[in-house]
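Asker: Chain by chain, the residues run as shown.
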Amino acid sequence: AQSVTQLGSHVSVSEGALVLLRCNYSSSVPPYLFWYVQYPNQGLQLLLKYTSAATLVKGINGFEAEFKKSETSFHLTKPSAHMSDAAEYFCAVSDGNAGNMLTFGGGTRLMVKP
Amino acid sequence: ETGVTQTPRHLVMGMTNKKSLKCEQHLGHNAMYWYKQSAKKPLELMFVYNFKEQTENNSVPSRFSPECPNSSHLFLHLHTLQPEDSALYLCASSLLGGAGSYNEQFFGPGTRLTVL
Numbered sequence: 330a331q332s333v334t335q336l337g338s339h340v341s342v343s344e345g346a347l348v349l350l351r352c353n354y355s356s357s358v359p360p361y362l363f364w365y366v367q368y369p370n371q372g373l374q375l376l377l378k379y380t381s382a383a384t385l386v387k388g389i390n391g392f393e394a395e396f397k398k399s400e401t402s403f404h405l406t407k408p409s410a411h412m413s414d415a416a417e418y419f420c421a422v423s424d425g426n427a428g429n430m431l432t433f434g435g436g437t438r439l440m441v442k443p
Numbered sequence: 002e003t004g005v006t007q008t009p010r011h012l013v014m015g016m017t018n019k020k021s022l023k024c025e026q027h028l029g030h031n032a033m034y035w036y037k038q039s040a041k042k043p044l045e046l047m048f049v050y051n052f053k054e055q056t057e058n059n060s061v062p063s064r065f066s067p068e069c070p071n072s073s074h075l076f077l078h079l080h081t082l083q084p085e086d087s088a089l090y091l092c093a094s095s096l097l098g099g100a101g102s103y104n105e106q107f108f109g110p111g112t113r114l115t116v117l
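Protein chains in written order, with the numbering used here: chain A, 330 to 443; chain B, 2 to 117.
Calculated from the structure, these hints are not laboratory results.
Among the hints, a few may not be true.
Said to hold, decoys possible - To give an idea of the chain B side of the interface with chain A (calculated C-beta under 10 Å), a few residues: (1) T8; (2) P9; (3) K19; (4) K53; (5) E54; (6) T56; (7) S95; (8) N104; (9) F108.
Note that this is a predicted model, so its numbers are computed, not measured.
For each residue, glycine too, the CB sits at the ideal point set by N, CA and C.
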């Protein structure tokens, strides 16, 4: 079985500050990991994915995430927050084997203050 | 049209109405999904179709009835819903077995459903 925990349902940062959104996963096999972003009244858009290649993954809009097996983490970061980054962010895990299910975390709402 | 489209984008219905949500994917995928997203609750997987066959039904009430006539289209038929069914309903698709797919799912914009 696999699971995802996102620490902090709400994160608030100032414009220009570092963004750090936390994700820890549990998986019995090497996982595939994803970060999605959801803007108000829209669907989920893929930000980036880890697929067992490089452990540091770069995504769209200046976001990146680092896979740390020893910590079972896949935290999302961005060096400098922009007002347009305000959205909800979801971490998800897939075991990459039989089946095509994604297990999502509960989401973190990012607020950016001017 | 590109990606995953959903219609209608907004729907208001009474508890005795019958309505349907439509999803279409233009990505050549072979798996499709329905999710329910309620305020302050995690994303809930409702149904999964692989190659037009339903492979997952997460204890969804029978007032929700899915239909997948082909790999590109997915419907969710709604009948005698309750106010607590008000939510954003998201459709997604993915490519099973394709090189480099990694089970990545592509989402539509959702249908905002309000049950009065």
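Asker: Run every hint past the structure and note whether it holds.
Answerer: Hint check results:
Checking T8(B) against chain A: minimum C-beta separation of about 13 Å lies over 10 Å; hint violated. The interface hint given for P9(B) is broken, as the beta carbon of that residue sits about 13 Å from the closest beta carbon of chain A, more than 10 Å. Taking 10 Å as the C-beta cut-off, the interface hint given for K19(B) is violated, the closest approach to chain A being about 25 Å. Residue-level restraint check for K53(B) is violated (minimum Cβ-Cβ distance to chain A is 14 Å; threshold 10 Å).
This hint is violated: E54(B) has a C-beta 13 Å from the nearest C-beta of chain A, more than the 10 Å allowed. With a least beta-carbon distance of about 8 Å to chain A, the hint placing T56(B) at the interface is held under the 10 Å criterion. Annotation: interface hint on S95(B) holds; nearest CB of chain A at approximately 6 Å, less than 10 Å. Nearest Cβ of chain A to the Cβ of N104(B): about 4 Å, under the 10 Å cut. The hint holds.
Given hint, F108(B) at the interface with chain A, holds; its Cβ is 4 Å from that chain's nearest Cβ, closer than 10 Å.
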